[in-house]
Structure formats: structure tokens, C-alpha cells
Amino acid sequence: MSDHRPEEGPTADELRQMTSEEAMIASAKAAGVHVIHRRDRFPIRGTRAEKRAERGVALAFAVSGLAGVAFIVYFIVGHWRWHLPGTSQDFQYYTPILGGTLAIMLIFLGIGMVLWVKWLMPEEEVVQDRHDGPSNDEDNLMTEATLVVGFEDTGLPRRGLILRSLMFAGGAVATVPLIALVGGMLKKPGSQLLHTLYRRNSKLFPNSDGMVPIVDGLWRPVSPDDMEPGAIATVFPGVRQKTAWGTDGLTDAASPTLLIRLRPGQTVKPRAGQAGWGWPSESPEYIAFSKICTHAGCPASLYEQQTGRLLCPCHQSQFQVLEDAKPVFGPATRSLPKLPITVREGDDGRLYFYAVSDFHEAIGPGFWERR
Amino acid sequence: MKDDDDIDVEREFGFEPAVSATGAAAAPSREKPRPRKRRGRLRRRLGATAVLSLALVSMGSLYAAFAASPSANDTGLSKTDIQAGRQLYQVSCITCHGANLDGIVGQGPSLIGVGGAAVYFQVSTGRMPATGQGAENPRKEAKFDEQQTEQLAAYVESVGGGPSVPQGSLRGPDDAIAEGGVLYRLNCASCHGVTGKGAPLSAGKVAPSLNDATDRQMVTAMLSGPEQMPVFSNNQLTPDQKRAIVAYIQTLKASKDPGGAGIDRIGPVSEAIVAWVGGVGAIMIAILWIGARNR
Numbered sequence: 003m004s005d006h007r008p009e010e011g012p013t014a015d016e017l018r019q020m021t022s023e024e025a026m027i028a029s030a031k032a033a034g035v036h037v038i039h040r041r042d043r044f045p046i047r048g049t050r051a052e053k054r055a056e057r058g059v060a061l062a063f064a065v066s067g068l069a070g071v072a073f074i075v076y077f078i079v080g081h082w083r084w085h086l087p088g089t090s091q092d093f094q095y096y097t098p099i100l101g102g103t104l105a106i107m108l109i110f111l112g113i114g115m116v117l118w119v120k121w122l123m124p125e126e127e128v129v130q131d132r133h134d135g136p137s138n139d140e141d142n143l144m145t146e147a148t149l150v151v152g153f154e155d156t157g158l159p160r161r162g163l164i165l166r167s168l169m170f171a172g173g174a175v176a177t178v179p180l181i182a183l184v185g186g187m188l189k190k191p192g193s194q195l196l197h198t199l200y201r202r203n204s205k206l207f208p209n210s211d212g213m214v215p216i217v218d219g220l221w222r223p224v225s226p227d228d229m230e231p232g233a234i235a236t237v238f239p240g241v242r243q244k245t246a247w248g249t250d251g252l253t254d255a256a257s258p259t260l261l262i263r264l265r266p267g268q269t270v271k272p273r274a275g276q277a278g279w280g281w282p283s284e285s286p287e288y289i290a291f292s293k294i295c296t297h298a299g300c301p302a303s304l305y306e307q308q309t310g311r312l313l314c315p316c317h318q319s320q321f322q323v324l325e326d327a328k329p330v331f332g333p334a335t336r337s338l339p340k341l342p343i344t345v346r347e348g349d350d351g352r353l354y355f356y357a358v359s360d361f362h363e364a365i366g367p368g369f370w371e372r373r
Numbered sequence: 007m008k009d010d011d012d013i014d015v016e017r018e019f020g021f022e023p024a025v026s027a028t029g030a031a032a033a034p035s036r037e038k039p040r041p042r043k044r045r046g047r048l049r050r051r052l053g054a055t056a057v058l059s060l061a062l063v064s065m066g067s068l069y070a071a072f073a074a075s076p077s078a079n080d081t082g083l084s085k086t087d088i089q090a091g092r093q094l095y096q097v098s099c100i101t102c103h104g105a106n107l108d109g110i111v112g113q114g115p116s117l118i119g120v121g122g123a124a125v126y127f128q129v130s131t132g133r134m135p136a137t138g139q140g141a142e143n144p145r146k147e148a149k150f151d152e153q154q155t156e157q158l159a160a161y162v163e164s165v166g167g168g169p170s171v172p173q174g175s176l177r178g179p180d181d182a183i184a185e186g187g188v189l190y191r192l193n194c195a196s197c198h199g200v201t202g203k204g205a206p207l208s209a210g211k212v213a214p215s216l217n218d219a220t221d222r223q224m225v226t227a228m229l230s231g232p233e234q235m236p237v238f239s240n241n242q243l244t245p246d247q248k249r250a251i252v253a254y255i256q257t258l259k260a261s262k263d264p265g266g267a268g269i270d271r272i273g274p275v276s277e278a279i280v281a282w283v284g285g286v287g288a289i290m291i292a293i294l295w296i297g298a299r300n301r
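Chains A and L, in that order, give the protein sequences. Position one of the first sequence corresponds to residue 3 (the working numbering), numbered consecutively onward. Position one of the second sequence corresponds to residue 7 (the working numbering), numbered consecutively onward.
Misleading hints may appear alongside valid ones.
Said to hold, decoys possible - Pulled a few chain L residues facing chain A out of the computed Cβ check, cut under 7 Å:
{"hint": "1", "residue": "Ala136"}
{"hint": "2", "residue": "Gly138"}
{"hint": "3", "residue": "Leu192"}
{"hint": "4", "residue": "Ala195"}
{"hint": "5", "residue": "Ser196"}
{"hint": "6", "residue": "Gln242"}
{"hint": "7", "residue": "Thr244"}
{"hint": "8", "residue": "Thr257"}
{"hint": "9", "residue": "Ser261"}
{"hint": "10", "residue": "Lys262"}
{"hint": "11", "residue": "Pro264"}
{"hint": "12", "residue": "Gly266"}
{"hint": "13", "residue": "Ile296"}
Said to hold, decoys possible - Quick list of in silico lysine to any residue cross-link-like pairs, SDA-like style, CA-CA up to 25 Å:
{"hint": "14", "chain 1": "L", "residue 1": "Lys262", "chain 2": "A", "residue 2": "Phe93"}
{"hint": "15", "chain 1": "A", "residue 1": "Lys328", "chain 2": "L", "residue 2": "Ala209"}
{"hint": "16", "chain 1": "A", "residue 1": "Lys120", "chain 2": "L", "residue 2": "Leu294"}
{"hint": "17", "chain 1": "L", "residue 1": "Lys203", "chain 2": "A", "residue 2": "Lys271"}
{"hint": "18", "chain 1": "L", "residue 1": "Lys203", "chain 2": "A", "residue 2": "Gln94"}
{"hint": "19", "chain 1": "L", "residue 1": "Lys262", "chain 2": "A", "residue 2": "Ser90"}
{"hint": "20", "chain 1": "A", "residue 1": "Lys190", "chain 2": "A", "residue 2": "Ala105"}
{"hint": "21", "chain 1": "L", "residue 1": "Lys259", "chain 2": "A", "residue 2": "Asp92"}
{"hint": "22", "chain 1": "L", "residue 1": "Lys262", "chain 2": "A", "residue 2": "Leu86"}
{"hint": "23", "chain 1": "L", "residue 1": "Lys262", "chain 2": "A", "residue 2": "Tyr76"}
{"hint": "24", "chain 1": "L", "residue 1": "Lys211", "chain 2": "A", "residue 2": "Cys300"}
{"hint": "25", "chain 1": "A", "residue 1": "Lys328", "chain 2": "A", "residue 2": "Pro231"}
{"hint": "26", "chain 1": "L", "residue 1": "Lys211", "chain 2": "A", "residue 2": "Gln94"}
{"hint": "27", "chain 1": "L", "residue 1": "Lys203", "chain 2": "A", "residue 2": "Gly219"}
{"hint": "28", "chain 1": "L", "residue 1": "Lys203", "chain 2": "A", "residue 2": "Phe93"}
{"hint": "29", "chain 1": "L", "residue 1": "Lys262", "chain 2": "A", "residue 2": "Ser66"}
{"hint": "30", "chain 1": "L", "residue 1": "Lys211", "chain 2": "A", "residue 2": "Gly310"}
{"hint": "31", "chain 1": "A", "residue 1": "Lys271", "chain 2": "L", "residue 2": "Ala209"}
{"hint": "32", "chain 1": "L", "residue 1": "Lys259", "chain 2": "A", "residue 2": "Pro315"}
{"hint": "33", "chain 1": "L", "residue 1": "Lys211", "chain 2": "A", "residue 2": "Thr309"}
{"hint": "34", "chain 1": "L", "residue 1": "Lys259", "chain 2": "A", "residue 2": "Lys271"}
{"hint": "35", "chain 1": "A", "residue 1": "Lys244", "chain 2": "L", "residue 2": "Glu185"}
{"hint": "36", "chain 1": "L", "residue 1": "Lys203", "chain 2": "L", "residue 2": "Val188"}
{"hint": "37", "chain 1": "L", "residue 1": "Lys259", "chain 2": "A", "residue 2": "Pro87"}
{"hint": "38", "chain 1": "A", "residue 1": "Lys53", "chain 2": "L", "residue 2": "Lys259"}
{"hint": "39", "chain 1": "L", "residue 1": "Lys262", "chain 2": "A", "residue 2": "Thr177"}
{"hint": "40", "chain 1": "L", "residue 1": "Lys259", "chain 2": "L", "residue 2": "Val212"}
By construction, these hints were calculated from the structure, which means they are not laboratory data. Idealized CB from N, CA, C, for every residue including glycine.
Just chain L, same shape as in the assembly (with noise of 0.2 Å):
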């Protein structure tokens, strides 16, 4: 709750032009046609809007100065870090989310407030830069190494603030694996699947394997709930309990498949095809052998 009402300070803030350009310039249009007796209410008018607006400026600069700089503080990055990310978005991003994040109609969504997590997740993923629209962006190989990533985080983020990329060892220890498998199975499971492979969601859209995920990208993609998954914040899940489920997927990946080869744990009815094609082929080749005449 306190979260959202910073981010909406934040918006409000950032908007704050926005709204008081419409209601100067709309206003006197609408006014010719009326009575004369309606200007001491646009003069009211535009005095209530100059005084939220300084409203929303001291409240802006009140936020800024005790939320100081989100990123800065506690991922190490620097003013010249969020420079040098500045200019990579700049490259990269811009013709998609727009000159100040916001956004393009029709090509790409506003980054104000989605925060380092969102931007680390989608760019170390590869699904940004997005090569096209469809109906979901795969993952592919990351375009920016991770100190460039690191840094167009850092730069989304003092823009339009948001969650940001945590740091440090982000696995749990191997004790919490228990507990990471019950979070896994009551938060995670439903659409990602018990091995962690993926589902299929509606028109095309879907569920990624969590094969080639790393630590950072399902903690980030947890704490920005990317596309269509949804968010689990701080507070739904600490993030003892989001290591705790990072330690028990990577133990899952990592761990051998007693019954020989898995293929790919990719499920029950994969593996029964592939039981009858070889099994029923193996046996029709027998079958073949037993029946051949001996020349």
C-alpha cells in the first residue's frame, strides 16, 4: 500500500504539466459562447490548478528528498552508471517507450514505475529488445551484457522508480529447499508446472520453462510479474521465502533423474508417445526378425 501511493506521487508528479496545460487550454475554448459571469470561475479554476500544482511540486520534491535516489543507495551504481544507461536506452529503447519512458501507443508500454527488477528481467532474458510485436516475446539471447543491463535498470528506475534489482546471493540455503518446494507448489506450480517446465496460456501467450532461468531473473521476474504473470511483491513473499523458492527450482533443475532419462521432464504424455513409438517399433522389428525366412 505504501509502495503504490509513492508510485502514484510519482506519476501524479511526473503528469503534472499534463494536467494543468489541459485545464488552461481547454477551458477558455469551451468559454466564448457563455456569459460573461463564468470568468471569475476560470480565474478560480486556474488558481486551484496553480496551487496544486505547486502542491504536487513541494510534495514531489518532499518525496525525492526522503525516498532519495531508489536505485543509487543499494545497488552501487552510480550517476555516471545511470548516464551510460541513459544512452543505451537512448540506442536501444527509445523508439519503442518514448523520449521520457512513457510509452508509444501501439508499440511499446510506459516504463514509469515498473522499476530496475522489470528492466533487468526482460533485458538479461533477451525478450527486449523485442525483435517484433506477437503474442508474447520469447526468450533469446541477451542483447547487453550484464553490466549494461545493470545500468539501463538503474536508469528506468531513476526516471520512474519501482522495485529494483536485488543484490547479493539470491539462493537460499539448502535447508530452506523444503519450504522454496511448498511456496513452489502453492504460488508457482499452477502455471509453470511441478518440474518447472511451462504451460501453455491463452492465444499463443505462455508459461516459459524455467530451464535456462538464473537466480536474479526469477527473483526480478517475481518482483515485476512480467507480461502476463502476476506480481508477487516483498510483502506477499519476503525475500527469505523467494530465495527459499529460487534454492528449491535450481535444486530441481540441477537434481538427476532417478528413473534414467527424463526427456526433458517434459511429461507424462511426451513420454508415453515416445514409449509406444519405440517400444511398439521395437517389438514390430522382432516380430520381423522371428517371421524371416533363413536364407
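Chain A on its own, in the form it takes in the complex (with noise of 0.2 Å):
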């Protein structure tokens, strides 16, 4: 730490005697810092270089000025609105103008700074000592006292009360916040993740016998008249009443849903237990899936037509619909669960999709509790 004592430097007298300069010089050599060379760029002052060095410098803080005040200038002044293609989009040079200028302004600073050091200031070279091994033995004795007197002067190992009190709200202090990060784990989620909205509600719907009506994205019932071989349908629960925690039908997370129309040739392997859950129930030709993927819960909706298989855009689970949604690529590794679906004439005498049960498994990514 300290290999100099301060009585190998200069004393203040010789101190009195020297230049600045070298009274610099002499501190820095004091402090284990030696100058080996040093030089002023400009001995003669007023030259015509060193003016136009200064002249340089100083434009750069101008042009870093300049352009602050044109920020300023441009943000009271711009207008960022939106505007129909085909008319006048000034609004596009709006944030690149923000963002130039302030760009201008900060690296002008920097630039200036530096070029000062480089074109002005004295050149100079230092070496500065190493300390190199372990502490000395004074050194280590002394701070060794300071740290026992200290912990004596608190009377912590005779104050066993303060101690233990201490001890108690440090752990509180230190479990609130991980209550906070683990504590959702520890607490159920209760049967909330195990329904939809697409569950039977005779209290709403006593026509259908308290089968949910399906509908598209516009609150349009689907038919399957709407639908030609081979498209797709983002459906969805036609509940129109807000639920408990203020979502409806087309709000829930729990309700995207995709009905597809297969292509002619197509026909659904089903999972055990799943056979005729589609429309018409003796050889479905519209099926549907929960859109939410069983593996992170991201809306797998990617559907190609001719080999049936449904994508997921985050991670690349691949699913077969063919086989009922069976998870054939990626980090899935459940089906995605079907929804039973079938048919009822409405009052204009079309036929409308119905959803004839909720999902019969929870959607979307597993969770301990899910069976």
C-alpha cells in the first residue's frame, strides 16, 4: 500500500522554490507516478498552427452547440401525424431528425474533447509503479485492530437481544422479496386453467341446450357453408358477457381456437377417445384445435393446407392435424386439445358450428397440477 513515506519528498520549502511544474512532477513521483516525458506541442504561443488548432477545436463544440439547438428548435417546431400514402409523409423524417441531431450534438462534444487533448495539451508519457506481493506486516496489524474495535464498540456479543431482533428482520427483509418471485408458484390456480369459455351454459344459451355458438372474429357465427375445402378459421367462443376477471368470448387468452375444413382426401387419425368429435361426426370433415401451443402458450396458427400440418411461429413446434394435432417437430410435446364440434340450424335455416362440450384436457402449456 504505502512503500513511501512522506518524508522522501520535497519539503514544503523546496516546494516554495519549485515551478508549478515541477512541483506536478514532483507529487506525481511522490505518488509511485513518473513522468518520462513530457512536452509542450506549442513552446512558441500565437502560432499560426496552434491557432488553427484552437480554431478547430472550438468548431467542433460549435457545431455540437448548433445542433442542440436544433434539437430543441425542431421539437417545438416538427409535427409527427400520421398521413395516407400518396400525400406529403414529412412525418418520416420526424424521429430521424430528433435522433441526428442529437447524435450531432453529443459526438461534436466528444469529438472536441478529444481533439483539445490531442492538438493542445502538452504531450506526455508517465509510468506509474507496481506494487506487487502481499501487504506488510504494520499494515495488516493495524487494520486487523480497526475492524476488532469496531465490531466491540457495537456490543453485539453481549447484546444477544439486539442480535436475535436484528437477525429476525433481516430475514423478513430478505423473504418479502422472493415471496414475491416464488410465491406464484406456490399458491393453486384453482380450476381456472382447466376451463374455457367454451364450457356448456344452459343459463345462457337454453336454445342450444347450452351449447356454446362458435364465431369468427367479427361476433359472426361460423358456418360451415362459409368455408371452402382447405380454409382456415380463427374461431372463437360466442360468449358476449363479460366473465369474472372482465374478458368476453374473443378477449379470453383461453379462446383462439382453428377450425379447419380439410381438403378432399384428407382424413383425421384420431387420438383414443377423440374419434367423431369433428363435423359430420361419422367422418369429420371440420375439426377443430386450441390455437394456444402446449408448449409456451404461442398462438400456432401457421397452417399448411396441403400437408396438414399447423406451425408454431416461437419456438417451431410442428403439429399433424391429420392426426389429431400431434406434436411431430419441435419442443411440443403434447397434442393440442381438440375441440367436439357439431352443427345446429339457425333462424335463417343455415347450418352453424357449435361447440358440443368444452375442451375435454387444459389448453395451452402444462402446469403441475394438470392430469
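Grab the two chains, each in its own frame, and use the hints to assemble them into the complex.
Now the structure itself:
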């Protein structure tokens, strides 16, 4: 730490005799820093070269200041309003101009400072002593004594009450943030993960025996006639009433469902117990699966109508719809839950899709209580 | 549903001679070692085939009478156009799709029932004629001009039926853009992306970018469902809704980027790479400059 002793440096009287530069070099040396080379770049003051360098630095600072002013002016005067294509889309310059002026302001401030050092300040080369090895015994003993006395001053070895109450408080302070992080995993989610709004509801839908109508993203009931072979539609439970947590059939996170009409010649190899869950039930042509990927809950909706594969864009899981959405590639391990669907005749004589029941398994990614 | 029935009738009609031929040819060969009793059954079967053929022929002609020619009435294309399309077909398409448009196994699919819309999309985007068998046919420069494409579409549709090439303005008015945006996000964005730049599918297939797609190419793609794309019929998305979607996509494409250079809106990952390589590179150069000795 301190190989040097103050008495090794120059005395106060000696220092008073020195010029400021000599004193600075002496003080650096006393701190273990040796100035090897030091030269004024412009020993003769006021040369043209010096003035040129000075103007260069000043120019950089001036550009920085002007850019700052330009930023403020454009921030106040400029407008960000979107216009249709075909009109003057002048908004496209707003953000770049703000960013550009800000960048010029900061960069030229930096450039000016670096040029100042490089062009005008004296050039200097210094070497600093390296301090190798452990501290000496004196330093070790002094530090140890300081620590021991400091601990004794608190009186903790004698005052057990304070020690224990402090440990209690410290434990509480440490546990509270931990609970916020881990607590969500301790609290059981209840049954809300096990059912969706497709669940039969005789109170809301007495006419259809409680079956929930299937609607598209604009609340229109979906009819088999709407879809050509090879068509898909993102559908939702037609429940307009708000749920306890403020969502309805379209906005509930568990709702999105992919309704698929197979191409001629495509047939589904159903999973055990899921035969006939499409429509017509004897040889399903329309089938519906939850859109929520069983891996991480992204919407798996990139449907390849010829291969029957359904892709999830997040982690490239692929599901084979023709095998009841069995995972065939990527990190997903469970099939997408299938929604049992049927049709009923509407008031206008057309057929419309209804959910026979809720999904028979929990949708989305797995969780501990999942059966 | 109704369209579907029509197609089925058309298809049965097209295949009708083949049905009776197999019935007549296959039955006697199986007949030989069997007892004579069965001859009555064969006769009955032949009779049934004849009746069925007659019924199919009459249904087909009835259909032809009522449905009229599918393309000629609304596209304004005449018989000479169909004839011209036929000649183009026989030069450029027949090798893979066959003389009767019913496809050749391992080379090209049947074009019966695909309609003019599919032909227009495939040919005008240069995907057809294809250069080879791959995961998917990429967009390339079209081989035929607009008129030739229409003629080809008219010919294929005149033989096999299916959705026609829509005519007139296919871009909705400005006040339909918002609705088009909703519909785009509901139906299209999952594959083509919110910025319309496309996305990869399985095994080398892609949902292409919409950068170069014209109004009519978008609508014909929705109508015909080319390659892996699902079909969006006029019942599912009405013609007005399709026009709204087109208006939205074209507005999106023509709209300038408020944040400056959008790097073709290829997404946050690629933008971050540009920021890292460009930004950190600039910082490194600055560090080298600050530390450089002044001579």
C-alpha cells in the first residue's frame, strides 16, 4: 500500500522554490508515478499552427451546440402526424432528425474534447510503479486492530437481544422479495386453467341446450358453408358477457381456436377417445383445435393446407392436424386439445357450428396440477 | 357448399367414361371362373352403369345449360381468348398438367376445378411455368403478359370450372383500411407477419413476402389458396372484405417508416444485429482513434 514515506518527498520549502510544473512532477513521483517525457506542443505561443488547432476544437464545440439548438427547435416546431400514402408523408423525417441532431450534439462534443487533448494539451508519457506482493506486517496489524475495535464497539457479542431481533428483521427483508418471485408457484391456480368459455352454459344459451355458439373474430356465427376445402378460420366462443376477470369470448386468452376444413381426400386419424369430435361426426371434414401451443402458449396458426401441418412461430413446433394435432417437430410434447363441434340449424335455415362441450383437457402449456 | 356440389358434378361428369369402362372391363375378367348364375348380376350392373352414365350426362348438360360458361360472362373474355389460352397451354403447361388438365402423377397436379383465379395467381407471379420440383415454387419474373395470363386462366376455367379471376378495382376505399387491418391480423398476419414480410414454414416452404404482390394477385391467392395457403372463399371473406384487406396491405407497403430507415421492416432481430454490428463497430473505431498516438 504505502512503500513511500512522506519524508522521502520534497519539503515544503523546496516545493515553494519550484515552478508549478516541477511541483506537479514531484508530487506525481511521490505517489509512485514517474513522468518520463513531457513536452509543450506549442512552446512558442500564438503561432498560426496553434491558432488553427484552436479553431478546429472550437468548431467542433460550436457544431455540437448548434445541433443541440436544432434539436430543441425541431422538437417544438416539427410535427408527427401520420398521413395516408399519396399525401406528403413528412412525418418520416421527425424521429430521424431528432435522433440525428442529438447524435451530432453528443459526438461533436466528444470529438472536440478529444481533439483538444490531442492537438493543444502537452504530450506526456508517464510510468506508474507496480505494487507487488502482500501488504507488510504493519499494515496488516493496523487494519486488524481497526476491525476488532469496531466490532467490539457495537457490543453485539454481549447484547443478544439486539442480535436476535436484527436477524429476525433481516430475514424478513430477505424473504419478502423472494415470496414475490416464488409465491406465484406456491399458490394453486384453482380450476380456472381447466376450463374455457366453451363450457356448456344453459343459462346463457337455453335454446341450444347450453352449447356455446362458435363465432369468428367479428362475432359472426360460423357456418360450414362459409369455408371452402382447405380453409381455416380463427374462431372463438360466442360469449358476449364479461367474465369475472373482465374478458369475453373474443378477448379471453384461452379462447382462440382454429377451425379447419380438410381438403378432399384428407382424413383424420383420431386420438383415442376423440373419434367423431369433428363435423360430420362419422367422417369429420371440419375439425377444431385450440390455437394455444402446448409448449409455451404462442398461437400456433401457420397452417399448411396441403400437408396438414400446423406450425407455431415462436419455437418452430409442428403439429400434424391429420393425426389430431400430434406434435411432430419442435419442443411441444402434447397434442393440441381438440374441441368437439357440431352444427345446429339457425333461424335463417343455415347450419352453424356449436361447441358440444369444453375442451376435455387443459389448453396451453403444462403445469403442475395438470391431469 | 353449393359451389362444392357443382364442382363434384363437374368432376363426375369429367370422369364418367372412366367409371363405366372399369365397370365393364373389370367385371368379365373376374367373371370367368364363377358360376353362370352371376351373369344376370353382370347384366344388371351394366344396365345400372348405363343408367348412371345417362343420368350423369344429362345432369352435366343441365349444369352446363344453367351455369353457363363460368368465365365468359363476367370477364368479357371471348371464345377466341379461350382458344388462344388453349394454345398457350399446349405449348407451356401440357408437359406437366396433361392434355386433359387432369395432371400427371409426379409432375403436376390436376387443374380441374382450380379455376381462373389459381391460374392467374400462379402464372402472373411467375411461379408457373415452374423451373423444377422443389419445396415450393418461388416468385420470379412472369413468363406471360397480362393478356396471355387471362387467356390461360379462361381456358383452364372453361375446362374445369372453379373461382374466376375477379375484375374491376380490387382495392377498397381509404375508410376501409382500418377494417382491412383487423381482418389482416385475424386471417393473414399469422403467416405473412404483421408487416407482410412473410415467414418460414416447414421443410423449406415459406409464406412469401407481400412486397411485390399486386391487388389482383392477393385476391386470387385468397380465392384459390395456392400451395400451402388456406382458401378464403367469398363466403368466408366477402369481396368487400377482401378489398379492404388489399387496401390495408397496399397502404402498409406504401406508408413511410416514421423511425427513419426501416431496413425493409425485416424485424427486431435483424435490426438489432445491424445496430450491434454498426454501432459497436463505430464505437471500436472511436476508441482506436482516441487511443492513437499523435505524430
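### Query
Which numbered hints are broken by the structure, listed smallest first?
Numbers 1, 2, 4, 7, 17, 20, 26, 29, 34, 38 and 39 - these are the hints that the structure violates, sorted from lowest upward.
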